[in-house]
Amino acid sequence: MRRLLWPLVILAALLAVNVLFTPGFFSIQVREGHLYGSLIDILRFGAPLILVALGMTLVIATGGIDLSVGSVVAISGALACLQISQDAGVFTAVVLALGLSVALGVWNGFLVANAGIQPIIATLILMVAGRGLAQLITDGQIITVNDPAFKLIGGGYLLTVPFGILLVLAVLAVTAFLTRRLALGMLIEAVGGNAEASRLAGIRARGIIVMVYAFAALCAGVAGLMISSNVSSADGNNAGLWIELDAILAVVIGGTSLAGGRFSLAGTVLGALIIQTLTTTIYSIGVPPETTLLFKALVVTVVCLLQSAAFREKVFKRRARTAGAQEVAA
Amino acid sequence: MLKRISALVLAGLTAAALTSCGSGGSGGASGADDGSITMGFSQVGAESGWRTANTKSVQEAAKESGITLKFSDAQQKQENQIKAIRSYIQQKVDVIAFSPVVESGWDTVLKEARDAKIPVILTDRAVDSKDTTLYKTFLGSDFVEEGRKAGKWLVESFNNSTDPVNIVELQGTTGSAPANDRKAGFAEVIGADPKFKVIASQTGDFTRAKGKEVMEAFLKSNPDIDVLYAHNDDMGLGAIEAIEGAGKVPGKDIKIITVDAVKDGMQALADGKINYIVECSPLLGPQLMDLAKKVVKGETVPARVVTEETTFTQEQAKTALPNRKY
Numbered sequence: 001m002r003r004l005l006w007p008l009v010i011l012a013a014l015l016a017v018n019v020l021f022t023p024g025f026f027s028i029q030v031r032e033g034h035l036y037g038s039l040i041d042i043l044r045f046g047a048p049l050i051l052v053a054l055g056m057t058l059v060i061a062t063g064g065i066d067l068s069v070g071s072v073v074a075i076s077g078a079l080a081c082l083q084i085s086q087d088a089g090v091f092t093a094v095v096l097a098l099g100l101s102v103a104l105g106v107w108n109g110f111l112v113a114n115a116g117i118q119p120i121i122a123t124l125i126l127m128v129a130g131r132g133l134a135q136l137i138t139d140g141q142i143i144t145v146n147d148p149a150f151k152l153i154g155g156g157y158l159l160t161v162p163f164g165i166l167l168v169l170a171v172l173a174v175t176a177f178l179t180r181r182l183a184l185g186m187l188i189e190a191v192g193g194n195a196e197a198s199r200l201a202g203i204r205a206r207g208i209i210v211m212v213y214a215f216a217a218l219c220a221g222v223a224g225l226m227i228s229s230n231v232s233s234a235d236g237n238n239a240g241l242w243i244e245l246d247a248i249l250a251v252v253i254g255g256t257s258l259a260g261g262r263f264s265l266a267g268t269v270l271g272a273l274i275i276q277t278l279t280t281t282i283y284s285i286g287v288p289p290e291t292t293l294l295f296k297a298l299v300v301t302v303v304c305l306l307q308s309a310a311f312r313e314k315v316f317k318r319r320a321r322t323a324g325a326q327e328v329a330a
Numbered sequence: 001m002l003k004r005i006s007a008l009v010l011a012g013l014t015a016a017a018l019t020s021c022g023s024g025g026s027g028g029a030s031g032a033d034d035g036s037i038t039m040g041f042s043q044v045g046a047e048s049g050w051r052t053a054n055t056k057s058v059q060e061a062a063k064e065s066g067i068t069l070k071f072s073d074a075q076q077k078q079e080n081q082i083k084a085i086r087s088y089i090q091q092k093v094d095v096i097a098f099s100p101v102v103e104s105g106w107d108t109v110l111k112e113a114r115d116a117k118i119p120v121i122l123t124d125r126a127v128d129s130k131d132t133t134l135y136k137t138f139l140g141s142d143f144v145e146e147g148r149k150a151g152k153w154l155v156e157s158f159n160n161s162t163d164p165v166n167i168v169e170l171q172g173t174t175g176s177a178p179a180n181d182r183k184a185g186f187a188e189v190i191g192a193d194p195k196f197k198v199i200a201s202q203t204g205d206f207t208r209a210k211g212k213e214v215m216e217a218f219l220k221s222n223p224d225i226d227v228l229y230a231h232n233d234d235m236g237l238g239a240i241e242a243i244e245g246a247g248k249v250p251g252k253d254i255k256i257i258t259v260d261a262v263k264d265g266m267q268a269l270a271d272g273k274i275n276y277i278v279e280c281s282p283l284l285g286p287q288l289m290d291l292a293k294k295v296v297k298g299e300t301v302p303a304r305v306v307t308e309e310t311t312f313t314q315e316q317a318k319t320a321l322p323n324r325k326y
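Residue numbers (full-length UniProt numbering), protein chains in the order written: chain A, 1 to 330; chain B, 1 to 326.
Quick caveat, the hints were computed from the structure, so don't treat them as lab data. Only a predicted model underlies this, so the values are computations on that prediction, with no experimental measurement involved. Be aware that one or more of the hints could be misleading.
[Claimed, not checked] Ranges of calculated distance between the beta carbons of each label pair, as one might list FRET restraints:
# : chain 1 : residue 1 : chain 2 : residue 2 : range
1 : B       : ASP131    : A       : ARG31     : 49 to 59 Å
2 : A       : ALA129    : B       : SER104    : 23 to 33 Å
3 : B       : GLU244    : A       : VAL174    : 27 to 37 Å
4 : A       : VAL174    : B       : PRO194    : 50 to 60 Å
5 : B       : ASP131    : A       : LYS317    : 56 to 66 Å
6 : B       : GLN76     : A       : THR291    : 21 to 31 Å
[As the list claims (entries may be wrong)] Per the computed footprint, the stretches of chain B lying under chain A, defined by three or more beta-carbons under 8 Å from a beta-carbon of chain A, are:
# : segment
7 : 197-207
8 : 212-218
9 : 245-251
Ideal placement from N, C-alpha and C gives every residue a C-beta, glycine not left out.
Same shape as in the complex, but just chain A (with noise of 0.2 Å):
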């Protein structure tokens, strides 16, 4: 639990800084029979993220890392679209969408265990080719569906509550069953601390690491779906640009080692959040947006500086230290 404490600390002063500059910040409504408020859009629009970081954060306990689910995003938006625009059924379209991904997971995970070529390495690739797949499953265009039923995965609502929300609760209960509940956390934390070792103690490790890939490629799958279900269209270019990146900061600034080893699914969602907040807080309190990249960047720098136990060690022992002399002298 103290692991959690900074990331809530700075989770709450990104939120108060909001309601400085809009009083109604924490404010929630029910607009148009569903729920509206500046919280519910950080919730919303961070869903995408969390789920991708989630995923993230099982393959980085291994001690890999995935590159690929920016393009993982982009490819199963674009299949799930196209397939719509089609008249193949929204079920069709998303079970083939999510089987891509899940496809695509497993051959990740196959570069990095059975082919043994470093995880950066071998997800660089379908980052680089999957951006190129997602291109052409689209034609280069954006492909626009109208169907109430897709609309519902990102945009839609479910009792008042943002559909895509509820998803990802549903998804972060059963990832902490089976990692928390079951053996399974554990042998992702053994194979990330020492996949040899793992491996002479009678895990299986490739087998381990096949699943972690495939399970975040289809968080990225799932996101990829939300993403372009939210605004009724595929871009091919630009959904889920970046987004792994964003994924990797919020795992490493909810406490999990990239080293591998110990993971917090818990830590994962407050990054996530702490990052959408962020952009939120940009959108709301009027940074120029030639000057975001540099806002985001110290903030991040702060948030990171903050979850380093050396550096709190460094400055808080020594301002307790000169307090305690300055008291002496005194």
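Take the given structure of chain A and dock chain B to it, following the hints.
Quick look at chain B alone, frame taken from chain A:
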């Protein structure tokens, strides 16, 4: 196994290099022999329906005017474009045309083209080079004028009221020429009357997803929005969804002005969800081929040629929509 694969890859690369040299040689020769024109064209990419229509227009116009076209797609990367231009120089094409991905960093490669005595035509987007002898002419839309047209419509449609008009702006990709210029032209026209106030302005990266996300935030932090000005149709389409989600009626509660006039945008205009669209036409192929013929012959051409384009109201959109190509 790995060795064999790398050998295969190497062989493939060599073959590709050889064939490209071969075709380049023959292209240069044909250009010199029979007086026909070969044009090397480097496109930005295929990021939108607009761009695809632009590509098709160039390809069709080249075919019609008997110009041999060597086409390459830079996939949004400047280094790809520089590579393409260098290869056109090596192939000794008669004229090079390209749409620069970004504004800066072109001096070196354009000097190489000038040294090889190959004229260069910029299409659609400009470069910020101070040395204007590096290219013959710039054919494309006047983005500042597009911004002005949007501003003029706004001023005219609100000239009966003295109430303050709160405007939010969705900018294009930060630092890109269309974003800078459309913002500047619009600000210039509405700046004359203090009742017009831009209360929020953020980038939506020219995409629907970002347009929607930013508009959601605008709607929460600014309760009174009268007008939305989006630098392209796609951001406007995303924003429409956000406005509808907030229980407001796009086109009525919030007036919407966009730029581009792609098919989806025109549909929304005809449906009354957008109020006014300033066209940014991609169909500059025929004009480009005319200019190419002139510069190859050595005739002087104006340094700046503006694409022929118009504006659309909701009524005009209904009549124009059935014939819209892109």
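Comparing the hints with the structure gives:
Taking the beta carbon of each, B/ASP131 and A/ARG31 are about 56 Å apart, inside 49 to 59 Å as hinted. As the Cβ distance of A/ALA129 to B/SER104 is approximately 29 Å, the hint placing it in 23 to 33 Å holds. Our hint of 27 to 37 Å for B/GLU244 and A/VAL174 holds, since their Cβ atoms are close to 33 Å apart. Between A/VAL174 and B/PRO194 the beta carbon distance is about 57 Å. The supplied range of 50 to 60 Å therefore holds.
Here the CB-CB span from B/ASP131 to A/LYS317 is close to 58 Å, well matched to the stated 56 to 66 Å. Look at B/GLN76 against A/THR291: about 23 Å separates their beta carbons, and that is inside 21 to 31 Å. Beta-carbon proximity to chain A at under 8 Å applies to 6 residues in the segment 197-207 of chain B; the threshold of 3 is reached and the given coverage holds. Only when three residues or more bring their CB closer than 8 Å to a CB of chain A does the claim for the segment 212-218 of chain B stand; here the count is 6, and the claim holds.
Counting residues of the segment 245-251 of chain B whose C-beta sits closer than 8 Å to any C-beta of chain A gives 3, which meets the bar of three, so the coverage hint holds.
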